[in-house]
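K.L.:
Next come the chains, spelled out residue by residue.
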Amino acid sequence: MTTETTPPEPYDLAIIGTGMAGMSAAVLASSRGLRVAIAGLTGEILFSSGLLDFLAIYPLTAADRWKTPWAAVEQLVRDEPDHPYARVSMLQMRSAWTQMLDFLNQWGLPYHRNEEENLRIITSQGTIKTSYCIPITMSAGVMGLDRHLPCLVVDIAGLRGFSAAQIVQSLRDMWPGLRALHVVFPETDGMGELYPEMTARAMENPQIRRQLADIVRPLIGDAKVVGMPAILGISDSTAVLHDMEERLGVPVFEIPGIPPSVPGIRLKETFERALPEMGVFAHFQHRVFRLQVDAVGFRLTLGRMVPETEIVARSVLLATGRFFGGGLVAERHRVRESLLDLPVVQPQDRSGWHREDFFDTRGHPIHRAGIDVDAAFRPIGPSGEVFHPRLFAAGSILAHQDWIRSKSGVGIAVCTAYAVVDRVMEALRLSDMAS
Amino acid sequence: MSAVEETPVLIIGGGVTGVGLARDLALRGVPCTIVERRDVNSGASGGNHGLLHSGCRYVLQDVETAAECMRENRLLKQMAAQCIEPTGGLFVAMNGEDLAHAIRFEEACGESGIDVQKLTPEEVLEMEPALGAGVLAAYLTPDAVVDPFRLAFENLFDAMAHGANLMCFSPVEAMDVVNGAIRDVTLRNTATGNIRHVRPRIVVNAAGAWAGKVAQLAGLSLPMVYSKGTLVISHERIAERVLHRLRPPADGDILVPGGTVSIAGTSSLRVGAPDRLLPTTEEVDMLVREMAVMVPNFLKMRLIRAYCGVRPLVGAENAADGRSIRRNFVLIDHAREGIHNLVTITGGKLTTYRLMAERTADLVCEKLHHPVPCTTDTVPLPEHAACQWSEPGRAPRYWMKAQQAGDLLLCECEMVPKSAIDCILETLNSQHVPAGLKAIGVRSRIGKGPCQGAYCSVRIVSHMYDRRWLHGRQGSDDLAAFLRERWKGMQAVLWGEQMRHAELQEAIHCGLFEMEHPLP
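Protein sequence lines correspond, in order, to chains H and Y.
When we follow the working numbering, the leftmost residue of the first sequence carries the number 1, and every step to the right adds one.
When we follow the working numbering, the leftmost residue of the second sequence carries the number 1001, and every step to the right adds one.
Here chain H stands alone, though its shape is the one from the complex (with noise of 0.2 Å):
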């Protein structure tokens, strides 16, 4: 461990998190001139669709989806107050969102959407998923299936779980006009595997481009519009989108499948390129070892694998997420919050935690588990306490929310994110003005 000679200058937010709630909270407060450090392993992020969820399914039990996420929001802030969506302005999430995919278009990952409105699009099960801003690379895929327009599904020898003729058979009563066709991608055999992440790139060579847009082509026939696995590139898929769409001279769209896949590698790529630049202190494949409370704030202790560094802080943002990003442990007797073992509202005893039936459509009561906060989104004990007026919480860790069946999971990320970033400019300010 390094020992400082003279006090290291504190930052004015350390993000303990690197997933879409981290990633944004970083984003939204370095534009707002905070002097601002991140730490996380970036793996998980990899696992996001790359479809950013606001919310569509609520209550969970009510099969319908909701047109207009806002009307959904109003509906489930009247009903549940604890949820963290109760503790956003609708001004504050519009602005969120807005923020949020303006800094992504600004850095090359242009999304879609309609801002009132809900957007369905196909998956690689056949299914259809309702979400609210999709990537560009899928957004034609949302006027096919709106329209039923003949459409060519294609999918690639050696891509495992995306197969065009599921798609096709899976959906051929609600959309008749989709057709299936089965290529080899240009310079391989068809008989190895292909990785999605691999293909992808060699998308961005021209030359393979060509190659497959000659052999698709051909086949296109009535087609309106041609989906495909989400392949178009990794760094620049609009270029790719609209190469391949003059090559084939029909609207082209991604239909998303199962991660980790590319839309998810995009997000990753793009937020480790843009934080360093954007002046953020990113120590991304680092983990907190340790958050003490001292004079200015707090102390962290970051290292790849053993502790290596400090770094002081004058407020911290715990966004570790839930049992998959590493935020929330689950032991065999309880649920514990990883890294200040901060408490964690669940239920009695394992044998609440999960339903008898996998799709029970009232999720499973161990999903609605998390760190309670205030109404600034600070952790609070059992009886209101708050743990520390500069320490906040924001994105899946957050408790009395189940963004998976909800379908909100970035759109809890982004806003909690959002309004964190406010009550951190109030806290920061409150503080200075005590000294």
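Rather than coming from a laboratory, the hints here were simulated on the basis of the structure.
Every residue, glycine too, gets a C-beta built ideally from N, C-alpha and C.
Incorrect hints may have been included.
To be verified - Covered by chain Y, according to a simulated footprint, are these stretches of chain H (three or more residues, beta-carbon under 8 Å):
id, segment
1, 74-81
2, 158-168
3, 187-197
4, 205-216
5, 311-325
Fit chain Y to the known structure of chain H by using the hints.
P.N.:
Then chain Y, alone, in the frame of chain H:
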């Protein structure tokens, strides 16, 4: 649709007893038809340890069962070697337990003629370091491990090669009894809805825990007692040998290795009915606690699944005079109750399945006036290629060796390649089993690794569409049914790493694919 078929022998129940009996009869030249309400081994035959008893476990309570187990153990190691891993077993008394019990155990094994070898605690620790420091006394025994799925399917393939038929997903709806004999059996295919009629000369009720219900269809009363047994599977193989606590049989005292995993069990709970049972968190916690006495590290072990089976015990007679119900098998000729062509075989153990089949076939042959003796004790069970995929660790060895171009792995946890899936799919038709994930799961290791099917299920469904095994929305329905089935075994062991997997699985199948609210 309705058809009438004749068969000399109708066997009700496609567990290891039913398929073992079918092979025994087929080898004696007696054609038969097995009907099974679900799939092969869907009852106790698929819900047990896979322990090939040496007999030691019963030497102090039930000498007869012990002797049967000992004989069958020796025989099956010769006759069904491909299904058995001759691991050996250890009976271990832990500190604080009664040493006199261990001495009685050693004497009783000697009297029963079972070879056991006394070991010092130091020797035992060297052999099985997982045992920890608390060993008081230990004996090496000839216990072994058997793959109950491979055993059932090898028997089935050989039986079918000799003329037997199998109809899965065909529960018996009714039995028509005329003049003291079952004349007509009505079957309903649950996959197609078709009704079939079978006219058997002899009916064998080998329905295991459901034997009472089958007897009822013939108008008979067969009181049964059901004992639910829960087991847990660890992510790693903890010990090389079968480990038994050396104490009077109790909950959580057996740890059985199986290929790359270990299975710990069992609980024992009387239940009112054999259907819709799930392992509970309480049972799992009990097993973890008890197992940790013998294997201290068990508290930290990653468990990937729990499951339960139902031991069918035929009750009333023994219970009446106050003796505990013995776990040997029961063969009943219902002629004494006025039905001359119905025989029930139930109870017993996986280890004695062959003997149960032999005794039943003897009775059936007597009734058919077909005096041909049993040969399953001298003719080894042939190996069939389609039967090999249920063994943990088998598929990876095959895949590494074969290395065929284009043979992609569809299940990465257990390394099951496309070719194995294709091979299994080809066999399903002949067994009247619709192509689907659950059926493939019974015949292979898919979905049994750490991801519990979250990934391989999706890839295999896609593959089945590509090969035109699935049409329309069958794939979504099949995937949902498979994930529900896997969930039954997951929900009681979700902590640590498994909780992370379960959350990811739900994020994929509900978050992205929205499968909890299927399309109308």
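K.L.:
Would you mind marking each hint as holding or not holding in the structure?
P.N.:
Hints, one by one, checked against the model:
Given a C-beta distance limit of less than 8 Å, the hint that chain Y covers the segment 74-81 of chain H is violated, as 0 residues qualify and 3 are needed. Counting residues of the segment 158-168 of chain H whose beta-carbon sits less than 8 Å from any beta-carbon of chain Y gives 7, enough to reach three: the coverage restraint holds. Counting residues of the segment 187-197 of chain H whose beta carbon lies closer than 8 Å to any beta carbon of chain Y gives 5, which meets the minimum of three for the stated coverage. With 0 residues bearing a CB less than 8 Å from a CB of chain Y, the segment 205-216 of chain H misses the requirement of three and the coverage assertion fails.
Under a criterion of three residues with beta carbons nearer than 8 Å to beta carbons of chain Y, the stated coverage of the segment 311-325 of chain H is upheld, 3 such residues being counted.
Checked against the numbered hints given earlier, the structure breaks hints 1 and 4 and satisfies all the rest.
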